[in-house]
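*Asks:* Sequence:
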Amino acid sequence: MTQMRPRSNAIPKRIVRLPRSAGLPKSKLMSMYYAQLRLMNKRLRVPFITQRTISIGTDNSWFNAQIIPRDPAWVPVTNANYVWYSGNLNSDNAIISTRFNLSQRRAILSGSLFLSVDNYAVVIINGVPVVFDGPQNTPSFFNPGRTFDVRRFLRRGRNNIVIIAFNFGGPRSTANPAGVAARLDIQLSSLR
1 MTQMRPRSNA IPKRIVRLPR SAGLPKSKLM SMYYAQLRLM NKRLRVPFIT QRTISIGTDN
61 SWFNAQIIPR DPAWVPVTNA NYVWYSGNLN SDNAIISTRF NLSQRRAILS GSLFLSVDNY
121 AVVIINGVPV VFDGPQNTPS FFNPGRTFDV RRFLRRGRNN IVIIAFNFGG PRSTANPAGV
181 AARLDIQLSS LR
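For the sequence shown, counting from 1, position 68 maps to 68 in my numbering; every step adds exactly one.
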């Protein structure tokens with residue numbers, strides 16, 4: 001008679017799937033992130049930031065971003081503009097990015113990201129998904145917007161931020177507006 005082995009608790013009883021955003025698996029979003037970095041690294045110069053208080057808002061200086069008019073339903077964002085993909089303002093998604101260098105001689109005291117997006121987004125800072133929304137049409141995402149503590153995702157030296165924004169219900173149009181505004185506020189210590 002064969003002896004039955006007890007079932008181990010370490011063996012999962014079902015497959016656990018990672019969360020999905022915009023109907024896309026996390027692996028696809030990360031490959032979009034790395035493709036954006038490759039393009040951005042070829043074309044965008046890296047500003048070196050030395051001041052103690054920094055505010056980096058979306059505008060035409062972001063890679064692949066074009067400023068668009070703010071829809072009346074969207075909250076105004078101080079030091080940032082609403083943008084969408086500069087290659088096709090009628091697309092159903094926008095991948096925008098920027099990069100910057102923080103002083104090696106200053107500690108990062110705080111970092112916050114304010115995000116207003118019509119409709120939902122994935123935000124990746126230095127390779128780590130910080131915001132990972134699922135497909136939805138949620139007005140609170142663009143009015144009043146959301147704030148995230150991102151200090152632990154920032155580092156001294158080179159940093160990058162990629163926002164993949166999605167429009168619920170198809171391509172961006174006057175009947176189906178889409179836009180994203182983001183502002184990264186960073187506080188650094190005194191020089192060491």
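Just so you know, these hints were derived from the structure itself, not from any lab.
All residues carry an ideal CB built from backbone N, CA and C; glycine is no exception.
Treat each hint with caution, since some may be false.
[Claimed, not checked] Cβ-Cβ distance ranges computed for the label pairs, FRET-style: (1) Ser61 x Asn126: 15 to 25 Å; (2) Val128 x Gln104: 32 to 42 Å; (3) Pro47 x Arg151: 17 to 27 Å; (4) Asn176 x Leu109: 38 to 48 Å; (5) Asn60 x Pro171: 31 to 41 Å; (6) Ala35 x Phe168: 19 to 29 Å; (7) Ser112 x Asp59: 11 to 21 Å; (8) Arg105 x Val75: 30 to 40 Å.
*Asks:* Which numbered hints are broken by the structure, listed smallest first?
*Replies:* Result: hints 2 and 5 break, sorted rising.
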